[in-house]
Amino acid sequence: MSEFLQQVINGLSLGAIYALIALGYTMIYGVLRFINFAHGDVFMVGAYIGFYAFPKLQPLLGDGYGTAVAVLLAAMIGCGLLGVTIERLAYRPLRSRPKLTVLITAIGISLFLEYTGQLPVVFGADYKTFPTLIPETTYTLFGGVSIGSTQILVFVVALALMAALRVVVLRTKIGTAMRAVSMNMNAASLMGININRVISFTFFLGSSLAGAGAVLYAISYPKINPLMGILPGLKAFVAAVLGGIGNIAGATLGGFLIGTAETMTAGYISPSYRDAIVFGILILILILKPSGLLGKGGAEKV
Amino acid sequence: MRYRLLVLTAAVACVALGGCTGKNDKPGTAAEGNTIKIGHYASLSGKEATFGQQVDNGVKLAVDEINNGGGIGGKKIELITEDTQSQTQGAQNAVEKLIGKDEVSALIGEVASGRTMAAAPIAMREKTPMLTPASTREDVTKDENGNVAAYIFRICFIDPFQGTVMAKFAFESLNAKSVAVLKDNANPYSVGLAKAFVEKFKALGGTIVEEQAYEGGQNDFKAQLTAIKGKNPQAIFVPGYYTEVSLIATQARQLGITVPLLGGDGWDSPTLTQGEAKTALEGCYFSNHYSEQDTSAAVQDFIKRYKAKFNGEAPGAMSALGYDAMMIIAKIIKDSGKSDRETIRAGLAALKNYKGVTGNITIDEHHNATKPAVVLQIKDGKFAYHSTVNP
Amino acid sequence: MSTILRPYLYLAGGIALVLVLNLLVGGIGSYDQRIVVNIGINMILAVSLNLVNGFTGQFSLGHAGFMSVGAYASAAFTTMVLPAASDPMSQGLYLIVALLVGGLAAAVAGLLVGVPSLRLKGDYLAIVTLGFGEIIRVILQNVSSLGGALGLANIPRHTTFLWVFIILVFVVFVIERVIRTTYGKGFLAVRDDEIAAEAMGVNTTRYKVVAFVVGAFFAGIAGGLYAHYNSLIKPDDFGFLKSVEIVVMVILGGMGSTYGVIFAAAALTYLPEWLRSFTMFGIKFSDFRMSIYSLVLIVLMLVRPQGLFGGFSFKGRRAAAKKAPIG
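Residue numbers (this note's numbering), protein chains in the order written: chain E, 2 to 303; chain X, 12 to 402; chain F, 4 to 330.
Next comes chain E alone, as it looks inside the complex (with noise of 0.2 Å):
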């Protein structure tokens, strides 16, 4: 019993990080009706800005929490910024093209991302250790069952930035423009909404969550590299498929379901097939339910 309550521990903090990449993708889909290919580099370039960050950050702020808020804080916006870059240069200008063309780009900018970290000028092929930003320390309880305080961290950071982009969504002014685009792109036009400011500011959104994600990730799992971005990004797409795509609530609920069944996978199926479980869901649901658990079915647009 023990042993199963620790691996819903696990899934559970694992689930919060897929939760956030997972919104992203989620309200990207949401207003433009395309997947992001590139969200999980996004969320790879977030955790070298908190590596290059804290170096830089540590003299300044010392060695508690103001540091690794600062760095949070930096991949945020250095995410959010380089989310708006993609968006204005590469997707703007397609946006009137078929959906295959912005996938191919999407892909095109996923690799680039990719190849281009590896080069050693940039961030190089092999793997950097992420320093700590918090000291670890581990609380046993009931039943032998521990949890880690970088498990704690992720869980209650993931929250309460979950909380906050709800409350952005639902109650701002913006948040309002960004449902309305959702619905309808041209109507919303219609009505005075400027629709570049309400997708650049989504994807500002997405990216920074992503950027999140990534220091959450990095502090939890402190080896990153280049590619790091393609399996977590991959698996946060699924949970927000499984949510319902373009539903927050649903990406979030995904987030959770993905990262438990993951773990639960490894420790009594077997390891191997923690990867392939997930791409297994993906297609039972797409099958099965290809609004998502959350989502409202439709007839699809033409």
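Read the hints as simulated data drawn from the structure, not as lab findings.
Incorrect hints may have been included.
As the list claims (entries may be wrong) - Below, in silico cross-link-like pairs of lysine to aspartate or glutamate (DMTMM-like), each with a Cα-Cα straight-line distance of 25 Å or less:
no.	chain 1	residue 1	chain 2	residue 2
1	E	Lys100	F	Asp195
2	X	Lys320	X	Asp75
3	X	Lys112	F	Glu276
4	E	Lys100	F	Glu276
5	X	Lys188	E	Glu4
6	X	Lys390	E	Glu137
7	X	Lys138	F	Asp90
8	X	Lys289	E	Asp64
9	X	Lys393	E	Glu4
10	X	Lys242	E	Glu4
11	E	Lys100	F	Asp90
12	F	Lys124	F	Asp196
Fit chains X and F to the given chain E structure using the hints.
Coordinates of chains X and F only, in the frame set by chain E:
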């Protein structure tokens, strides 16, 4: 429109002929000219980059010393290094190029057993001697029928020995009777070493309470470690590469696992104990080819020269093995006065009692080196000498 | 010259040319031969993926998965079922049998993957095929009778320049012929406007599945050639990045242009080897070639989405593109 088929075939022709500007009709006669060409293929970039870079440093140091001393019989060594990018295909392309295009007299390389085994058939086909500094998997020096591969040699011990060393160490020195194993299923070296360890540990009378696996490149091991924790082992054997071991150690400690982790030479990298892994791995043990704390003159002298060339950086076991590999090939050429592929092959097969940095090297009839292993303990992020185990 | 016979004359011409080239190739070194054979295998892969991605408009990111099924099936067949072959005649014969086994296995895999996933479109299909490719890789990694992570070793080296390029000529011939038949126009119809095609009575699902299965079949044959050339195959060789590499060849060459794709496959395979020692700003070209390819890909989509050599046999695409819905 159909002329395009002609355009296609013309394009094929151009490509086919464009590639064949080099003259490759004299394989095995590479000794002509004023230099002796030696090829080194290594993972200079990619996942296991520090392995390749370390061996490369060792090889380069040896080449510098030989060439600064006037070369061999008036001829300088020309070292041609190719990057495998830590990939199988990269290793095959690199070796094919070194043999076919550069016409090297001998090859040094790889560290990862999987890549050495991928490249070995090419060396066999082209009858070019290949000396691997650090591939320890047992069947690296065997051909497809399980016989000794005529052109493949190594100067390191093999996994059955390394597994025995750690099994004995766990059972006798640590007094651990129940051990768990966490191996990398995607890594031939790790699978082979785990197998050797498990067999020996059981033969000694110990029990393997849990065998878990991961795949290289993954970075969440909590599920496997949680399963291991439930079985309360007295030690955990982790025969993987350093890239994952530091994460495994950190996560094991997060889950409240306090028993020592044990490993093999795949741990040997300066990046192993970076970050949190430094405290997580404190007091853990692994087997290796050499210890920089060895007080013998040969080792200390090597360390001094290495540090002088590479800005004070200390050499790891991989650098020492790379150095020895290059020096052995140089010695064979010098002793025989010839540098063709057959002579080097024969010289390697007959190598006896070579006094290298990593110990006395004798290549046996299976083309393996019988050498002692050292057990190192991680103390304050450094690899401290613990004991030597003779074969 | 009869128009019915003409394509067959070109087929014969292609084979004759390969035979002549084969004589020349015999004289080049093993390293150059390796490059040329790799080029041929990649050409088969790219041309077969082009049927799915280019002609039928279904974006698949799992081609390396089908290649691996073919590689493993044919290699297992050769090493476990067929007796050892010593003379070139029986080697060639056994190779053909093994390739057919590999191709059929890959075709079955293509059918199993295609039927459920071809209900999906665009990005979803891309990700699902990617997922299937990864699942195939993970399964291969865990089947110990196929060598697990160590892979299948000691596969007899039956693949030669001659076989690779003869097969390439056949693959090109088959695909180019099929596309020009009345039946073949259905593939283009599915790509250009699926709804209109459906309305005209084209069984779009069937076309998609056929394209997928045929593409997988040829990918399996390419995998078999690869296995019997390298003597060692590992699940890692057929990862996601291999699929991406083939996709890049198809896109750069121009989706739907067989010859463009062939050229791109040759160029993208040859360049990194040719430029192995070429450095720029102290960086090896082989390091930053992929950065350049991806950048070219992005720029291409912005300024010339039909690919470098697209446009030919690509009629109607731009018109269709203009009508595509935004939402």
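We went through each hint and held it up to the structure:
1. E:Lys100 - F:Asp195: Roughly 13 Å separates the two Cα atoms, so the pair holds.
2. X:Lys320 - X:Asp75: Given that 25 Å is the threshold and the Cα spacing comes to 10 Å, the pair holds.
3. X:Lys112 - F:Glu276: Holds - the C-alpha atoms of F:Glu276 and X:Lys112 are around 12 Å apart, at most 25 Å.
4. E:Lys100 - F:Glu276: violated, 34 Å
5. X:Lys188 - E:Glu4: Measuring from Cα to Cα gives roughly 23 Å; hence the hint holds.
6. X:Lys390 - E:Glu137: holds, 19 Å
7. X:Lys138 - F:Asp90: holds, 21 Å
8. X:Lys289 - E:Asp64: holds, 18 Å
9. X:Lys393 - E:Glu4: violated, 34 Å
10. X:Lys242 - E:Glu4: Judged against 25 Å, a Cα distance of about 10 Å means the pair holds.
11. E:Lys100 - F:Asp90: Violated, at about 53 Å.
12. F:Lys124 - F:Asp196: At roughly 13 Å apart (the allowed maximum being 25 Å), F:Asp196 and F:Lys124 satisfy the hint.
The structure fails to meet hints 4, 9 and 11 from the earlier list, while all remaining hints are met.
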